[in-house]
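Use the sequences and the hints to build the structure in full.
Under the numbering used here, the first residue of the sequence shown is numbered 12, with each subsequent residue one higher.
Honestly, the hints are just simulated from the structure, not real lab data.
Every value quoted in this text rests on a predicted model; they were computed, and no experiment measured them.
Please note that the accuracy of each hint is not assured.
Computed list of lysine-lysine pairs in DSBU-like fashion (alpha-carbon distance at most 30 angstroms, straight line) [claimed, not checked]:
1) Lys854 / Lys902
2) Lys563 / Lys591
3) Lys571 / Lys502
4) Lys661 / Lys830
5) Lys379 / Lys283
6) Lys991 / Lys964
7) Lys65 / Lys163
8) Lys573 / Lys557
9) Lys163 / Lys240
10) Lys563 / Lys452
11) Lys502 / Lys283
12) Lys243 / Lys114
13) Lys589 / Lys830
14) Lys229 / Lys65
15) Lys577 / Lys563
16) Lys44 / Lys101
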Amino acid sequence: MGFKRRRELYNVDTKLVEIYEDLASEKDEIRLKAAQGLVSQFTPDNNPTDDQIKKALQRLFRGLCSPRKAARIGFSIALTEVLTQIFSVKREESQLSLEDALKLWETQTNATGGESGQEQRDHHFGRLFGAEAIIKSAVLFQSFVPFTYWTKVLDLIFELAQKKPWLREECGWIIYRCVYDLSSRKMDAKFVEAAMDRLCSFNLAPTPEGVAIWLAAKDMFPEANFPPKIWKHDDPLDPKERSGLSRIMKESSSEQGEGENKAKSSGVWNSKLHFAWDAVLSRTSDGSSKSKSARLSFADFWLEVVDNGLFASASSEERKYWGFLLFNKILNDGSPQQASHLFTKNLVRCLMNQLAVEDRYLHRMAVKASKAIPARVSKEPSFAAAAVRGLIKTSGTINFDQTTKTKTVEKIVTEANLEALQEIVPMLEQLLSRPGTTDEKGASSNRQFVAHLLLSIVRSKAATGDKDSEDDYQSVLEHILSTFVRFAYFKGDGARESVPEPAFTEATQELLRNRINSSLNSLLASQKYATTIPYAVVRQIRDGAKSGEYGKFIISMDDKLKDSVKTAFKALKKLSSKEKKGETSSIAAFKLLYSMTVLQVYSGDADAVSMLDELEFCYTKFLGDESSKKKDTSDASDALVEILLSFASKQSQLFRRMSEQVFGAFADQVTENGLESLISILEAKESLAGQQEMFDQDNDDDAEEDDEGDNDEDEEMVDVDEEDSDVEVVEAGDASGDSDPDSDDEDDEEEEEEDAAETAAFEAKLAAALGTHRADQNLSAAESDSDADLNDDEMEQVDAQLANVFRARKQAASQVKDKKDARENMVNFKNRVLDLIEIFVKKCHTRLLALDLLLPLLRLARRSSVKQIAGKANSVLREYTKLCKGNAVPKIDGEAEPIWELLRAIHKEASHSGPPAHATAASQASLLVVKVLVAHDKTAIADVVDVYAATRKEQLRSAKCHVQPSFFTEWNNWCVSASKQLKN
Numbered sequence: 012m013g014f015k016r017r018r019e020l021y022n023v024d025t026k027l028v029e030i031y032e033d034l035a036s037e038k039d040e041i042r043l044k045a046a047q048g049l050v051s052q053f054t055p056d057n058n059p060t061d062d063q064i065k066k067a068l069q070r071l072f073r074g075l076c077s078p079r080k081a082a083r084i085g086f087s088i089a090l091t092e093v094l095t096q097i098f099s100v101k102r103e104e105s106q107l108s109l110e111d112a113l114k115l116w117e118t119q120t121n122a123t124g125g126e127s128g129q130e131q132r133d134h135h136f137g138r139l140f141g142a143e144a145i146i147k148s149a150v151l152f153q154s155f156v157p158f159t160y161w162t163k164v165l166d167l168i169f170e171l172a173q174k175k176p177w178l179r180e181e182c183g184w185i186i187y188r189c190v191y192d193l194s195s196r197k198m199d200a201k202f203v204e205a206a207m208d209r210l211c212s213f214n215l216a217p218t219p220e221g222v223a224i225w226l227a228a229k230d231m232f233p234e235a236n237f238p239p240k241i242w243k244h245d246d247p248l249d250p251k252e253r254s255g256l257s258r259i260m261k262e263s264s265s266e267q268g269e270g271e272n273k274a275k276s277s278g279v280w281n282s283k284l285h286f287a288w289d290a291v292l293s294r295t296s297d298g299s300s301k302s303k304s305a306r307l308s309f310a311d312f313w314l315e316v317v318d319n320g321l322f323a324s325a326s327s328e329e330r331k332y333w334g335f336l337l338f339n340k341i342l343n344d345g346s347p348q349q350a351s352h353l354f355t356k357n358l359v360r361c362l363m364n365q366l367a368v369e370d371r372y373l374h375r376m377a378v379k380a381s382k383a384i385p386a387r388v389s390k391e392p393s394f395a396a397a398a399v400r401g402l403i404k405t406s407g408t409i410n411f412d413q414t415t416k417t418k419t420v421e422k423i424v425t426e427a428n429l430e431a432l433q434e435i436v437p438m439l440e441q442l443l444s445r446p447g448t449t450d451e452k453g454a455s456s457n458r459q460f461v462a463h464l465l466l467s468i469v470r471s472k473a474a475t476g477d478k479d480s481e482d483d484y485q486s487v488l489e490h491i492l493s494t495f496v497r498f499a500y501f502k503g504d505g506a507r508e509s510v511p512e513p514a515f516t517e518a519t520q521e522l523l524r525n526r527i528n529s530s531l532n533s534l535l536a537s538q539k540y541a542t543t544i545p546y547a548v549v550r551q552i553r554d555g556a557k558s559g560e561y562g563k564f565i566i567s568m569d570d571k572l573k574d575s576v577k578t579a580f581k582a583l584k585k586l587s588s589k590e591k592k593g594e595t596s597s598i599a600a601f602k603l604l605y606s607m608t609v610l611q612v613y614s615g616d617a618d619a620v621s622m623l624d625e626l627e628f629c630y631t632k633f634l635g636d637e638s639s640k641k642k643d644t645s646d647a648s649d650a651l652v653e654i655l656l657s658f659a660s661k662q663s664q665l666f667r668r669m670s671e672q673v674f675g676a677f678a679d680q681v682t683e684n685g686l687e688s689l690i691s692i693l694e695a696k697e698s699l700a701g702q703q704e705m706f707d708q709d710n711d712d713d714a715e716e717d718d719e720g721d722n723d724e725d726e727e728m729v730d731v732d733e734e735d736s737d738v739e740v741v742e743a744g745d746a747s748g749d750s751d752p753d754s755d756d757e758d759d760e761e762e763e764e765e766d767a768a769e770t771a772a773f774e775a776k777l778a779a780a781l782g783t784h785r786a787d788q789n790l791s792a793a794e795s796d797s798d799a800d801l802n803d804d805e806m807e808q809v810d811a812q813l814a815n816v817f818r819a820r821k822q823a824a825s826q827v828k829d830k831k832d833a834r835e836n837m838v839n840f841k842n843r844v845l846d847l848i849e850i851f852v853k854k855c856h857t858r859l860l861a862l863d864l865l866l867p868l869l870r871l872a873r874r875s876s877v878k879q880i881a882g883k884a885n886s887v888l889r890e891y892t893k894l895c896k897g898n899a900v901p902k903i904d905g906e907a908e909p910i911w912e913l914l915r916a917i918h919k920e921a922s923h924s925g926p927p928a929h930a931t932a933a934s935q936a937s938l939l940v941v942k943v944l945v946a947h948d949k950t951a952i953a954d955v956v957d958v959y960a961a962t963r964k965e966q967l968r969s970a971k972c973h974v975q976p977s978f979f980t981e982w983n984n985w986c987v988s989a990s991k992q993l994k995n
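This is the structure:
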């Protein structure tokens with residue numbers, strides 16, 4: 012029994028123990044619940060005793076010194092609320108005063124010196140958190156509390172900040188926030204005055220914390236008396252303090268102060284920005300005030316403190332890190348005016364250096380900064396002008412993106428709005444004229460980069476042409492094209508101030524002409540800019556050539572060519588007038604075609620002259636006077652097709668797109684002869700002979716040899732679009748479509764055998780010339796005796812023979828290249844023609860003339876060794892048959908016999924061996940023709956059945972007939988679906 016009584020005497024309040032334990036929990040909800048449970052025990056209703064209060068305060072102050080992660084947070088919250096409950100009112104009956112609580116705080120958090128280093132640091136943190144809790148509880152600011160208590164707390168905080176510089180920022184933060192709390196409570200200015208006196212007495216005014224506290228006090232308590240002779244006009248942001256402010260904010264080792272009280276550097280680098288930066292940045296002026304007492308402007312502050320301070324060449328990597336943090340901070344949250352001043356010389360130089368090499372210390376921070384710039388522009392497009400000006404002009408390096416291996420400037424200009432572009436484009440135009448170097452190679456490189464930026468702007472804004480946009484970029488786009496024209500087609504005569512320096516090289520001018528084509532290629536996709544800007548381009552070239560405004564015109568033109576161009580511009584002027592009265596697709600198409608043909612003339616294309624004459628003929632027939640319109644336009648239509656084919660034959664996306672647009676406008680007027688011109692290209696061989704046949708070149712022996720076995724080759728073309736170029740090329744095996752699965756392997760083997768044979772023949776000729784043999788060949792002793800010395804005549808003969816051997820080798824290689832190039836050209840040309848045929852099918856699928864395409868497309872799908880061509884032919888035919896549904900089938904308006912001949916020809920084509928896709932296409936083509944015949948005469952179904960029966964008989968009887976089973980399966984399915992309609 013006695014044992015039990017002894018345990019009850021020393022019984023522990025387990026609930027209180029759990030509360031203190033939970034105050035150190037890392038989970039917020041557990042800490043808050045524990046703090047609430049502890050505070051509830053000290054409400055006036057519970058009437059806690061002095062002993063209970065003292066023990067609780069001791070435990071809480073001691074808990075602030077705990078090294079556990081969340082202990083200080085939990086104990087600080089509980090302490091703040093307990094102090095508020097106990098000392099918020101005067102307690103007459105209690106012997107425990109606020110002074111006792113302050114003594115407990117001082118004694119419990121005092122480091123006597125006998126502790127370990129970690130324990131001392133824990134006590135210092137305990138004192139810091141204790142001070143924060145006491146100030147937040149507001150017990151020091153009660154009217155019945157002696158003012159000396161406040162000064163006591165201030166002394167302990169500033170003493171800690173002075174002795175332990177690594178805690179100075181946290182101590183300063185407490186006082187900084189306290190200034191705002193005092194203002195919100197409308198306390199007497201003496202509290203702030205006491206804080207400022209001690210700030211200066213401890214010589215902490217020339218520190219980042221001191222600057223922040225001073226600025227906050229000056230704003231919140233302007234009537235307070237501040238210590239004199241600390242800052243000019245009592246303001247750290249006075250323009251005369253800029254050099255001292257720079258040393259303070261970067262925490263230089265040469266801080267102000269003398270003797271033992273000299274403020275020491277914190278000695279600890281923090282990866283986070285000091286709170287003083289926010290205090291300073293938010294209070295810099297906008298530079299609009301001209302009074303002597305005006306504060307330092309943001310631009311001056313950034314230049315002096317950040318650029319010349321943190322980003323100085325001798326500055327440490329840690330300080331530059333702070334600089335990048337500030338840069339990102341202003342970019343993300345600063346005003347447009349502040350952000351426009353960020354791109355200072357040292358900063359941009361550091362940004363470029365760090366971006367250029369991945370293993371540099373601040374590379375990741377520089378990457379983050381470079382991404383923040385386009386992000387700001389994306390949110391605020393008008394900022395683009397300041398960003399481009401800062402990155403290019405400030406750095407003194409035009410090709411920022413190339414140096415840093417990023418696309419920062421390119422992304423900025425593509426996101427810019429109309430307002431920003433109106434400033435950016437003239438800036439880039441000036442850089443084209445004066446690229447910042449007199450070195451020809453460096454100037455060409457810089458100009459190429461600037462031209463790329465201008466092209467990027469065109470491409471990004473061309474996409475807005477069909478969208479509802481408040482901004483109309485017509486003027487900006489015309490300015491860019493005008494800039495290209497000025498430098499691409501003219502050479503300054505040196506008499507003007509605006510003459511480029513150094514002069515443009517021919518290569519650079521050629522590049523700019525390509526940029527014009529690339530720009531127009533992008534703009535043709537927009538209905539808004541498709542006809543206006545191409546016309547503006549050629550008009551400016553003409554006007555510049557006439558006036559000599561930009562210098563000498565580099566294109567030489569004879570009188571006949573000038574007359575043709577003059578006639579073309581008369582037609583363009585008439586078209587523009589008609590366009591204003593009421594635009595039609597044919598007027599827009601002719602305007603575009605005229606503009607592009609004239610542009611070809613200015614580019615030195617000899618064929619463009621005859622094209623202008625043919626175009627004049629077409630224009631007169633289609634859009635001339637009324638008497639011309641009543642005449643037959645078939646000849647004009649055929650001529651127009653030939654003109655478009657001339658454009659389509661060029662390896663350029665621009666001319667492909669232009670030919671498609673114009674062809675789409677006149678597709679319904681294409682005649683049988685015009686369609687035959689398209690079909691003849693599809694049936695041409697994909698070889699040198701085919702190219703010579705198409706382009707009226709002279710056949711030679713090599714071309715004739717190339718004819719044989721032409722369709723068995725499957726040489727893959729590899730053509731890739733060059734960046735910023737409008738040249739369009741095709742990769743032969745990319746498109747959908749099937750060909751013989753074994754053809755690739757067979758062709759590779761054949762090519763290898765041919766290469767081996769050519770190599771063997773070359774080695775044999777070489778050996779014959781030298782009189783030697785290969786090591787693996789056995790020759791007779793007489794034949795192998797070649798070691799005898801040769802005289803001079805014999806050596807000359809050997810040299811001549813060797814020259815002949817290598818000359819023949821070079822010619823053979825040249826012929827192989829010619830064959831390959833010709834094959835690639837024909838594949839490109841066929842691709843273009845298939846694009847035009849697809850347009851014709853979509854617009855004119857109900858015309859009976861369109862049926863003439865079925866057989867050529869089927870043959871092309873079977874014969875072409877290029878997968879892309881075969882696949883595209885199948886795709887066009889499939890699109891055609893899909894469009895011809897229901898009543899949307901061609902109507903026979905005369906004799907039906909040609910259609911029956913077409914059906915029988917399709918069945919014969921289906922009997923040829925080909926890829927699976929060919930069999931499907933043949934079936935679709937056959938059923939389409941059946942629909943046409945049945946729609947014309949339902950009784951024709953009997954003869955259709957006979958045609959299919961004849962094909963089935965041929966399949967059963969002839970080994971050469973390779974009709975696929977699906978051909979008849981699809982026919983049977985169509986019969987089932989069409990039977991009801993046929994019976995009605």
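Taking the hints in turn, this is what the structure says about them:
Our distance criterion of 30 angstroms between C-alpha atoms is met by Lys854 and Lys902, whose separation comes to about 15 angstroms. Taking the CA atoms of Lys563 and Lys591, the gap is about 34 angstroms. The hint is violated against a cut of 30 angstroms. Of the supplied pair hints, the one linking Lys571 and Lys502 holds, its CA atoms being roughly 24 angstroms apart against a limit of 30 angstroms. For the suggested pair Lys661 and Lys830, the alpha carbons sit about 18 angstroms apart, so the restraint of at most 30 angstroms is met.
Pair hint Lys379 plus Lys283 holds up; C-alpha atoms about 15 angstroms apart against a cutoff of 30 angstroms. Straight-line distance between C-alpha atoms of Lys991 and Lys964 comes to about 27 angstroms, which keeps the hinted pair within the 30 angstroms bound. The suggested pairing of Lys65 with Lys163 holds, with an alpha-carbon distance near 20 angstroms, which does not exceed 30 angstroms. Note on Lys573 and Lys557: the hinted pairing holds, with a Cα-Cα distance of about 11 angstroms set against a maximum of 30 angstroms.
About 25 angstroms separates the Cα atoms of Lys163 and Lys240, which keeps this hinted pair within 30 angstroms; it holds. For the hint linking Lys563 to Lys452, the alpha-carbon distance of about 23 angstroms falls within 30 angstroms, and the restraint holds. Simply put, Lys502 and Lys283 have alpha-carbon atoms about 55 angstroms apart, too far for the 30 angstroms limit, and the pair is violated. At most 30 angstroms may separate the alpha-carbon atoms for a hinted pair to count; Lys243 and Lys114 exceed this at roughly 39 angstroms.
Only pairs whose Cα atoms come within 30 angstroms are accepted, and Lys589 paired with Lys830 is rejected, the gap being roughly 48 angstroms. For the hint linking Lys229 to Lys65, the alpha-carbon distance of about 39 angstroms lies beyond 30 angstroms, and the restraint is violated. The straight-line distance between the Cα atoms of Lys577 and Lys563 is roughly 19 angstroms, inside the 30 angstroms bound, and the hint therefore holds. Our distance criterion of 30 angstroms between C-alpha atoms is met by Lys44 and Lys101, whose separation comes to about 28 angstroms.
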